[in-house]
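Student: As given, the protein sequences belong to chains A and B, one line each in that order.
The opening position of the first sequence corresponds to residue 1 in our numbering, with each subsequent residue numbered one higher.
The opening position of the second sequence corresponds to residue 1 in our numbering, with each subsequent residue numbered one higher.
No wet-lab data here; the hints were simulated from the structure.
Please note: incorrect hints may appear among the correct ones.
Chain A side only, calculated, beta carbon under 7 Å to chain B, not exhaustive [as the list claims (entries may be wrong)]: (1) Asn53; (2) Leu67; (3) Arg101; (4) Tyr113; (5) Asn215; (6) Phe234.
Pulled from the structure, derived: some chain B residues nowhere near chain A, Cβ distances all over 12 Å [stated by the list, open to error]: (7) Trp118; (8) Ile217; (9) Gln271; (10) Ser275; (11) Ser319; (12) Met368.
A quick note: this is a predicted structure, and the numbers were derived from the prediction, not measured.
Every residue, glycine too, gets a C-beta built ideally from N, C-alpha and C.
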Amino acid sequence: MEKTIIQVSELRKDYHIGEVTVHALRKVDMEIREGEFVAIMGASGSGKSTMLNILGCLDKPTGGEYLLDGVPMSKMNKNQLALLRNQKLGFIFQSYNLLPRTTALENVELPLYYNSKVKSKERKERAIHALDLVGLADRMHHMPNQLSGGQQQRVAIARSLVNDPVVILADEATGNLDTRTSYEIMELFQQLNDQGKTIVFVTHEPDIARFMKRNIVFRDGRIQKEVMVTNRHFATELIKNLPVEVDVI
Amino acid sequence: MNYTNLTKIAVNALKRNKFRSILTMLGIIIGVGSVIGMLSIGQGSKKSIQDQISEMGSNMVFVMPGSQQRGGVMMGNSNAKTLTLSDVEKLKKEAQYLSAISPQVSTSGQAVNGNKNWPTSCMGVSSDYLSIRKYELEDGRIFTEKEIESLAKVCLVGQTVVENLFDKGVDPVGQTLRFSGIPLKIIGVLKEKGENGMGQDQDDLILAPYTSVQRRILAITHIQSISASAVSEDKSDEAIAEIETILRREHKLKEGEANDFQVRSQAEMIQTFSSVSDMLTMLLGAIAGISLLVGGIGIMNIMFVSVTERTKEIGLRMSVGGRGIDILMQFLIEAVLLSIIGGIIGILFGLGISYVATSLLSFPMIIMTNAIVISFLVCSAIGIFFGWYPAKKAANLNPIDAIRHE
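Just chain A, with the same shape it has in the complex (with noise of 0.2 Å):
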């Protein structure tokens, strides 16, 4: 049986907005282990958002436990949490977030200039290997304002792969993109997921999925349903199924 990365046990976040305590996730438990593909699904409103933040060691529990990679994350302080986001984590945003006027290999060099371990000839040829993985080794010295969204979003995912994450965090990651572009870096997803890459991936989409191997569906703090993936997309397939797209001029 693989090794369990993330073990959340009776998880509870609180929001206090003036006299109104919002209760955003009550007693939730979840389990994702190594190798897995798993997509937290919800309406907006559901939690799957303030899950994420939690399981992204951006924000703290009110209570409960959350263990990344046996680490029991409730007693870590603000510099441990950052500690523990630079090395065991890779975030990928909906909105790409790369810095602007910075090449691609910059952009991918991030997490590893907060890492002081990684001296500046490790950290550029990690970064240029990620850059390889996400198929844009021949572009990384563009800007991103002279890549396309796929691209840049690439670019990104080569970001959270430099450091070698034990878990790789997606935030609507083809919520920007078209359908084609979308499969595409569902592909992507998908081909790290063979490598043994776990992912945790939010989305609200079914169709997207879908593509995962299994479903977890939060509704009102709690998770409503797990579902393993029966009828599963494959990228490779779908793309090749897509209607050919012919510019008119």
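Fit chain B to the supplied structure of chain A, relying on the hints for placement.
Tutor: The following block gives chain B in isolation, referenced to the frame of chain A:
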């Protein structure tokens, strides 16, 4: 923490926003530049005034008649007749701190040579006067002791007088001019000395033996003033004290009685004028300091805007493992780099200002090393001081809010 990486991050961030970085630095550049430029101009003008005053003579000490009382009535200084030739003799004999001494009587009048005439002044002095006032002979000779004793009708003339009384090419030595109706044989010509610090033409004069001027022209028995040279500049004060002691004794002044003469030294004059230009320097420096402060506030302003504008970047950096302290240091390093680079450019700019200004005003160019060091330190301090608050603000951002910031 890895400062090399943080510095690289900060440098890259500044490079990404080249134009803004340069604009931000402009405040510091102008601030530092004007501090250095203004101080240099102030110091240059001070040095220039000092030079002009010391050009007037070498370690000069003047004795002028002072007020005196006659039957309880104070007499003014101008018509005082308290100095005599015997005072000069006593000083010459007893004073240790004086290297040269000359009595002085002067009168103005019309100098005439043939059909030309020129209003000028005639100074009665001894041969020491040339060394005291740094005059040099261009031609001819100075009058002898014998000529002084015999009230000889001889004189030396300055260049302005030569120009106005003689045609070009005529050698004035040996000629005779008339001053106030008295014929004076020219035995020497003075080298040109130019204007003094107060704009007076120092070449517009006739020098004659003091005895001749005193008795033949003015018909007086007192002398108007005494010029002397102290043995060295830093002995000026001792010279003044010595002159006072000797003259008080000679003038039989009782203890508690005011001096009936005044002694002033060139060093004092220099001090007086220097203090004026010191004040000028301080004023200029203060104004320039304000512009440096404004430059610093400019940095703070830009860093604040930068923090708000780059909230998303900060969020991203935090999400990939940047700690609060890393973010703080990055912004602080950016601010310090801006001010230090601005400071260096400002120093060069200031040197440029002082070079141009001093060559336009023909001041000596004085580079004050401590002004450079201090303004550089002030720059760094401004960078830290004005960079700290925005940097702290950036570091305290909540990563979730920052990354979701639009």
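Student: Against chain B, with CB atoms and a cut of 7 Å, does the hint on asparagine 53 of chain A hold up?
Tutor: For asparagine 53 of chain A, the interface hint holds, since the closest Cβ of chain B sits about 5 Å away, which is under 7 Å.
Student: Just to be careful: measuring from the Cβ of asparagine 215 of chain A to every Cβ in chain B, is the smallest value less than 7 Å?
Tutor: Cβ of asparagine 215 of chain A sits 24 Å from chain B, so the hint is violated.
Student: Is the Cβ of glutamine 271 of chain B more than 12 Å away from each Cβ in chain A?
Tutor: Consistent with the label, glutamine 271 of chain B stays out of reach of chain A, its closest Cβ about 59 Å off (over 12 Å).
Student: Grab the minimum C-beta distance from tyrosine 113 of chain A to chain B and call the hint holds if it beats 7 Å, violated otherwise.
Tutor: OK, holds: tyrosine 113 of chain A within 7 Å of chain B, min 5 Å.
Student: Check the non-interface label on methionine 368 of chain B: least C-beta distance to chain A beyond 12 Å or not.
Tutor: At roughly 41 Å from the nearest Cβ of chain A, methionine 368 of chain B sits farther out than 12 Å, so the non-interface label holds.
Student: Is the Cβ of serine 319 of chain B more than 12 Å away from each Cβ in chain A?
Tutor: violated (5 Å)
Student: Please settle this one: serine 275 of chain B was flagged as non-interface, so is its CB more than 12 Å from every CB on chain A?
Tutor: holds (55 Å)
Student: Does leucine 67 of chain A pass the interface check with chain B, least Cβ-Cβ distance below 7 Å?
Tutor: This hint is violated: leucine 67 of chain A lies away from chain B, its Cβ roughly 19 Å from the closest one there, beyond 7 Å.
Student: Are all C-beta atoms of chain A more than 12 Å from that of isoleucine 217 of chain B?
Tutor: The claim holds: isoleucine 217 of chain B sits with its nearest Cβ about 87 Å from chain A, beyond 12 Å.
Student: Under the criterion of a CB-CB separation shorter than 7 Å, is phenylalanine 234 of chain A in contact with chain B as hinted?
Tutor: violated (30 Å)
Student: So, as I understand it, the hint says arginine 101 of chain A touches chain B; can you test that by seeing if any CB pair is closer than 7 Å?
Tutor: At 4 Å from the nearest chain B Cβ, arginine 101 of chain A passes the 7 Å test, so the hint holds.
Student: Far enough from chain A: is every CB of that chain over 12 Å from the CB of tryptophan 118 of chain B?
Tutor: holds (77 Å)
The earlier numbered hints that this structure contradicts are 2, 5, 6, 11.
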